[in-house]
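> Could you put the whole structure together from the sequences, leaning on the hints where they help?
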Amino acid sequence: EWCDLLSNEYLNYVPRHWLQYSPPTCDTHFVFAILYTIIAAIGLVGNGLILWLFVSRKRLQTPTIMLSTNVALSDLLMNLKIPFVIYNSFNCRPSIGVTGCQLYGFIGGFAGTATIASITAVTCERYYTISRSAKCAIHPLSFKKSISIIIAIWLYALTFSLPPLLGIVNRYVPEGFLTTCSFDYLSEDLASKTFVFVFFVAAYVIPLCLIIFSYISIYAKTVRSAKLIRRYQKEVLNSNAAEIVKRSYALTKLKLGKTTLCLIILWTLAWTPYAMVALFGLFGDRKYLSPTLSMIPALFCKCASIIDPFVYGTSNSKFRNEIKCLLKSRRETSETFNSSWKSSRTTSQSSSSKSIRFSKRIESKRETFV
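If you want my numbering, it's the position in the sequence shown, counting the first as 1, plus 702.
Relax, there's no trap hidden among the hints.
Simulated restraints on C-beta separations: (1) Ile908 <-> Ile832: 15 to 25 angstroms; (2) Ile1025 <-> Leu963: 21 to 31 angstroms; (3) Lys1030 <-> Ser724: 46 to 56 angstroms; (4) Asn714 <-> Ile1025: 49 to 59 angstroms; (5) Arg926 <-> Pro842: 15 to 25 angstroms; (6) Ser1031 <-> Phe732: 37 to 47 angstroms; (7) Lys1030 <-> Arg988: 47 to 57 angstroms; (8) Lys1030 <-> Ile998: 36 to 46 angstroms.
I should point out that these hints are in silico values taken from the structure, not numbers from a laboratory. In this text the structure is predicted, and so the values were computed from the model without any measurement. Beta carbons are placed, not taken as given, at the ideal position from N, Cα and C, and that holds for glycine.
Dropping the structure here:
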């Protein structure tokens, strides 16, 4: 059935595993096209807003915020490749050719790895700042260090995304419904299998371990600090005030615990499904690896690009304040415009009414004269 949709060149390029399944219906393609369109729209607005605020607001240009902004930059790059899959889906078949597929796969691997590395860097920086607060006060994160970390992140991403593009090891191939492309995790070649497994460890296992360790350590450190403050306040305050402090401490602990758990779960939900698909393609029974089963995890990865701006961008109080100021300014401008428009309309109506009354007087006098 695929023979009627694809050229011989493209058929030879597609892994045999996907060709054993019937092409999905156009309705299925349209559903994915709509979902990807929504993701692209939200992602472009969210990540674009973070980048625009960082560039246009001097007070946001700090080393720490620069790391968070790098997450938005890599996510924006991820969003920019989505039109490829939308175009394919609306055509109900792969329509971007071999070169387009390779470009799509490269951007996905490059931006995805950079996003994962950036989030890991942001998390580790938060851990270092909180756990080494005294040292950070003396040697805070500088622009030079922040820029060095960002350069290292993009070089790290390039290390794993460039070899398949150049054909050094592995390659970017169509997957699932053949409307998206990724590295070839179905290859039987030993070098390709080794590359994919190393990529899995470097871009998933290590970042996940660092993120879990950092957030749990942040939680533990914050709880210990709050406990010391509570003990001190209990000694100097009366019983009623101590009870209030106790409740406040319990609420803070609960809120921090929920936030920590939420961040870990969000990252895991976004990247684990696709990592498991790649691992399953390497070592699992491939007869259970259907096109739909590979398309849904890929969609989860793209969803991460619309969640990250809100989690890692707006979680910063300076970003939140800037967004509030921006919204307040727009609202005031809108109210001023509406007020001005109503005022001019009232003036116009008043002038019109006076003109009508004046015309009636003239007409009345004319009739009297006649």
